[in-house]
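S.K.: Make the full structure from the sequences, and use the hints.
Residues per chain are reported as follows:
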Amino acid sequence: MVRALVLRVLRALGTAWLIASAVFLLSRSLPGGGPHLFTDERAGTFGQQTTAEAQYQRRLELQTPLFYFRLLPGRWYGTPNQYHTWLGQLSRGQLGQSYRDDVAVTEHLAQALRLTLPLTVSALCVAAGLGLLLAQCAARRPRWYRWLLSAAYFLDSLPLFVIGMVLLLLLANPDFLSLLPAYGLPADYSAAGALSWSAVPYFVLPVLALTLSSLPALLLPLMGALREQWQQPYMVTARAKGVSPRQAGWRHALPNAAPVFITRLADLAPGVVAGAVVIEVVFALPGMGRLLAEAAAARDVPVLVGGVLLIAAVRLLAWLLADVANALLDPRLL
Amino acid sequence: MSRWLAGLWLLALLLAAAWAQFGPAAGQPAPLNLEQLSHPPSAQHWLGTDPYGRDVLTDLILGTRQLVIISLPAALLASALGAVLGAAAGYWGNTGVRLRTSAAVVLLIGIVGALVTEPAEAGWWLLAAAGLSACTYASFLPATTLALPLDWAVLGAAAWLGAVPRLVLVLSLVALHAPAGWWLVSILTLTCWPSTARLTRTLVQQLRQRPYVEAGRAAGYSTGRLLWVHLAPNVWPSLRNTLPLNLSICLGLQTTLGFLGIGLSPDQADWGLTLANARLEPGAWWLVLSGLLALTCTMAAIYHLLPASDAGLAHLPTASTAADVTNSQQISTSIEQ
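Taken in sequence, the protein lines are chains A and B.
Quick note: the first sequence uses the working numbering, first residue 1, plus one each step.
Quick note: the second sequence uses the working numbering, first residue 1, plus one each step.
One thing to keep in mind: the hints can contain errors.
[To be verified] One side only, chain B facing chain A, incomplete, derived with CB under 7 Å:
(1) S172
(2) A218
(3) S238
(4) T255
(5) L260
[Claimed, not checked] Reference listing, derived: stretches of chain A covered by chain B, where coverage requires no fewer than 3 residues with Cβ under 8 Å from a Cβ of chain B:
(6) 56–62
(7) 161–169
(8) 302–314
[As the list claims (entries may be wrong)] Covered, in the sense of this in silico footprint (three residues per stretch, anywhere, with C-beta under 8 Å from a C-beta of chain B), are these stretches of chain A:
(9) 5–16
(10) 276–282
(11) 287–298
Since the hints were made in silico from the structure, they are not lab data.
All C-beta atoms in this analysis are idealised placements derived from N, C-alpha and C, irrespective of residue type, glycine included.
M.R.: Printed below as a string of structure tokens:
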């Protein structure tokens, strides 16, 4: 078991490294992809502009070659290159500085995570709990099952920002129902301090939107698996021996259907962080998703690469935890 | 009945896109009117105006053009690419395609040579490599062969793309290039093919074990004929669901990008952009409502294109057996928008 886990971790780490390298190399090698001080507008004389551009490139260490070699035509550059520097920094846990404000990317990420983690973790917990309850109810009631199935497919087909905007329109609209604050955070929120309880109302709508969007992906497989378990002979035996339907569902059917659910949950964990991209823009929360969206809009590559790496790491961790949980539940699986 | 309605709605969208492309207003955004900022629906503006004074109905109709020139080609390309790669991986597996070792060495040298020389000479290198590797088959060189691990490569690429949530991947790739339609289409294609490929691979893998395929092979039918005449008709009923599903995914991603203001030039009308404008004026319910209705109707119409019995079953694979669970852990799909 340990050997299989180690192999999986190594493969996953390799994947994360490949993806981050691809994004890094693509971003620097595409024409117009690298950062430039001047784009179109002409400021100052041409000579001044060239000098300023060169200084800017030197400050970001962009004047060294990109990679160990280049192709078409081939040429060997050797070690002092951008990729090597980046890899060295990465191995020491540094992700470089943001192009926009020169603040370390790790600091940006840490600040954003302090807001995003409460948001996504609570959304995941609510979605998991709700998914379990609904699936248990629907597994032995065909009418509920049909109704929930079409509702879940409909919810699943909508983009996340649509769900967020509907919630805003219904629950935070000055003309209709103004139950909850629509945007942002309380005035006493500071980026450095801890989140206070006064921020809770500001989190209700984002958490609700994230829950609604991730519910179908949890509910649909679990519902299918539970229904299949209910048709197994052992369930008939359990019922014939006098176990109540509820107990049969939770005690007997669920452990056999749980691996599907746990695997889905692990898949969803990084997806919820990604879903936060949209939700944090809709509700104007300064978290991880907003950081990524703004970095993408401003082509702030160090922040983008850092975010991609972090999300890939979350996915690896989730897979690992799911593997362990599944192996504990059902030793045949490993 | 409902399928008729769905078809009508999609036809209307196509007509609207054609009007936006070739009609009198082609290439221009809806005109601004500073005297009518954020007016509710009236006889003059059926769906009201947005915070810039543009007519919302015109804006939505102009936005259909983006759907047809970006989401539709991306979905078609992703389905085609997924079907071809999946069929190849499923039919040949890891050992089905074999190459002479000598030919492989010659090809490898040719490719490396093409990469390290001047771009103008690269074509000659490739041509020479292809010719020489063909010659190795005719000559007396040792006949040892190498298996090309197609299945491994396709599944590996799919797993690689699935390691980061789709939206984050699209976001970071889109940001690398200046806004351009072809870049967006190729990124959507690149990120959407894996699910189709996995489905096709499984189907073809199951079918090629059937006696009738074996009989065809024994009768000496060519691989192309087996794949196209005998396997394709049996794969098609399950495979045709993937196009609507890919279309809805592409549509969702494209409007999300438009909403975030990334990857599309802001002067092109887009439904996501229309909805993003609604955030400037929180009280403008008509703006949100009409954008949402258009998007929701389109999604529902696309889902109605699926056969009624197994609508969407291919979308979220319900892993139910122990083997399926381990499988889905290795080749896990991303399910976020």
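S.K.: Flag every earlier hint the structure violates by its number, smallest first.
M.R.: 2, 3 and 6
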